Amino acid sequence: MSDPILSVTGLQVNYGRVEAVRDVSFEVPVGSLVTLVGANGAGKTSVLNAVSGLLRPRQGVITFEGTDVTKWPAHRLVKAGLVQVPEGREILGTLTVAENLTLGGWHRSNSAMHAKVAEVYERFPVLFERRKLHAGALSGGEQQMLAIARALIAEPKILLLDEPSMGLAPKIVDEVFRVIEEIRQTGTTVVLVEQNARRALAAADYGYVLETGEVSHSGPAHELLADEKVIEAYLGLD
Amino acid sequence: MQLFLDGIFLGSIYALFAIGFTLVFGILDRLNLAHAAVFTAGALVGIEIVTVFGVPIWLLIPIVLVVGAILGIAIERIAFRPLAGRHDAHFAGLISSIAFGAIILSLLQALYGADTRRFPADAFPTTRVEIFGATVSLLQVVILIISVSLMVVLTWLVAKSKLGRGMRTIAENPHAAAVLGLNVGRISSTTFALSSALGAVAGVLFTLNVNAASLGIGHAVELKALAVIIVGGMGSLPGALVGGLILGLAEVLAVNYIGSSWRDMVAFGLLFLILILRPQGLFGARKTREV
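The listed protein sequences correspond, in order, to chains W and R. Each step along the first sequence adds one to the number in my numbering, with nothing skipped, and position 49 is 330. Each step along the second sequence adds one to the number in my numbering, with nothing skipped, and position 23 is 849.
These are computed hints drawn from the structure, not numbers from a lab. Computed from a predicted structure; not experimentally measured. Ideal Cβ placement from N, Cα and C applies to all residues, glycine included. Keep in mind that a hint or two might mislead.
[Stated by the list, open to error] In silico DSS-like cross-links for lysine-lysine, where the CA-CA straight-line distance does not exceed 25 Å:
hint, chain 1, residue 1, chain 2, residue 2
1, W, K438, R, K986
2, R, K988, W, K452
3, R, K988, W, K360
4, W, K452, W, K360
5, R, K986, W, K413
6, R, K986, W, K352
7, W, K438, W, K397
8, W, K397, W, K360
[Claimed, not checked] Computed from the model, here is a short list of chain W residues facing chain R with C-beta under 10 Å:
hint, residue
9, G312
10, S333
11, L335
12, G347
13, T351
14, R357
15, K360
16, Q365
17, E371
18, L373
19, T375
20, A379
21, E380
22, P406
23, V407
[Stated by the list, open to error] Computed far set for chain W versus chain R, every beta-carbon distance over 10 Å:
hint, residue
24, N321
25, P367
26, L376
27, E403
28, R411
29, R431
30, G448
31, V457
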């Protein structure tokens, strides 16, 4: 494995007395697509939020580009190029599509932000068409595209996606995965958290299966996908 | 005309106080009940500065703005931020801000005593001017200009600046704001600083208007300001402005035509009536919060 852009060692996250993440370690090589899969409540989102600086881990070390960022707040990580697309999209419904995109470039100069917005409009023509609409008026799939597009404005080196296919129709899910693949083609490293494990593993280079706050299996994604025991025990049959 | 102008002068001060109050409420969803103590601190510290150093009014206002801002940051850091992670953060912050306000008042009492204090007699010009047949002091005009300009600057800041955009984003969805890389802590601190700076200046202007300040002045205004922001529409800046002016006018007119003992009765009665007719407040939109 080449040098990891992100590495997490012995991560533990608690909510009060509840242990959400007990002991999770994983590495993300530069330019790869790594997925964390597992059932609801396995601790996937908590891992992602700890990595993004939104949750303070109780234990463990997170390094990003060789620097210990365990105690960095979210805004510092975003500025450094670690950007999350959160679960539930968290778009700002009363702001317009254009305003949502602008906010994605919070740490960037006006000119860099506008250039990036123009680029994003090219990739997502539907967002350009709806740029003056309130984001809350978009469909679920469009909102997901907006959330991803908004994160791209920050020009992430690594993009963390939390359940991007949640609540979307199968056809839209195809589109979301196609966009993720495109992002990865441009050289951006991607960490994908998904309940839709088969789909995520099919897209990923490397996978980690989380179970009750711990990594139960890990390996190249195609091997996990081929391992019927893993499929049956942890991933269900879709 | 005289009464109308007097009402506007008083109302603009209420509005300034209420706008600071509603800024923190509208953006951070926190009711800062130490705001009244900041108002009192602005008044008493202002008097002290003028008494000791003899500074003119154009220098006094910026100094008090800074004093207020520092108090605001302290309130956010000490009374609100440590409780932010709690499930009852709203209520806990409300109580701890009352406590912090009490501490500020005790400090003021220790520093300046409990007596009513005034600006030195010759501290400010006493020129009087005539406008539309009514006599007003130059000082009143200055008070109005200062409070109106501060409100204009604040409204511009919230509506147009990057800071304002950050504030509105946090108001809508603090979690999304953090995910997008906004420094939520710093923007919150800045909001408190702005809010308290306005509160402290309102204290000075109020004292200039009536030329008397005691430890209790903040509490009287606090209740009125709460009424003003509820009537104006919670979290609405224009609402706080219009609500403040209505209250100021109602008070002055009530004192003149009915009698001073009826002042609060009439003023609050009017506000109550507005609420019955328009429960969401004058500028309250359907959405629950707005900046």
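Distal placement of R431 (chain W) relative to chain R, Cβ over 10 Å:
The claim is violated: R431 (chain W) sits with its nearest Cβ about 7 Å from chain R, within 10 Å.
Interface hint status, E380 (chain W) versus chain R (Cβ within 10 Å):
For E380 (chain W), the interface hint holds, since the closest Cβ of chain R sits about 8 Å away, which is under 10 Å.
What's the verdict on K988 (chain R) and K360 (chain W), does the C-alpha distance respect the 25 Å limit or exceed it?
16 Å, holds
Cβ separation check - L376 (chain W) to all of chain R, threshold 10 Å:
7 Å, violated
Far enough from chain R: is every CB of that chain over 10 Å from the CB of R411 (chain W)?
The claim stands: R411 (chain W) keeps its Cβ more than 10 Å from every Cβ of chain R (closest is about 19 Å).
Restraint outcome when G312 (chain W) is required to lie within 10 Å of chain R by C-beta distance:
23 Å, violated
Less than 10 Å between beta-carbons is the criterion; does K360 (chain W) satisfy it with respect to chain R?
6 Å, holds
Hint validation: R357 (chain W) versus chain R, beta carbon distance must be below 10 Å. Holds or violated?
Hint on R357 (chain W): holds, closest Cβ of chain R at ~8 Å, below 10 Å.
Given the hint that K438 (chain W) pairs with K986 (chain R), does the C-alpha gap stay at or below 25 Å?
30 Å, violated
Does the no-contact call for V457 (chain W) survive, Cβ to all of chain R over 10 Å?
18 Å, holds
Are the Cα positions of K397 (chain W) and K360 (chain W) separated by 25 Å at most?
The hint holds at about 15 Å.
Using the nearest Cβ pair, does Q365 (chain W) come within less than 10 Å of chain R?
6 Å, holds
Of the numbered hints given earlier, the model fails hints 1, 2, 4, 6, 9, 12, 13, 20, 22, 23, 25, 26, 29; all others are met.
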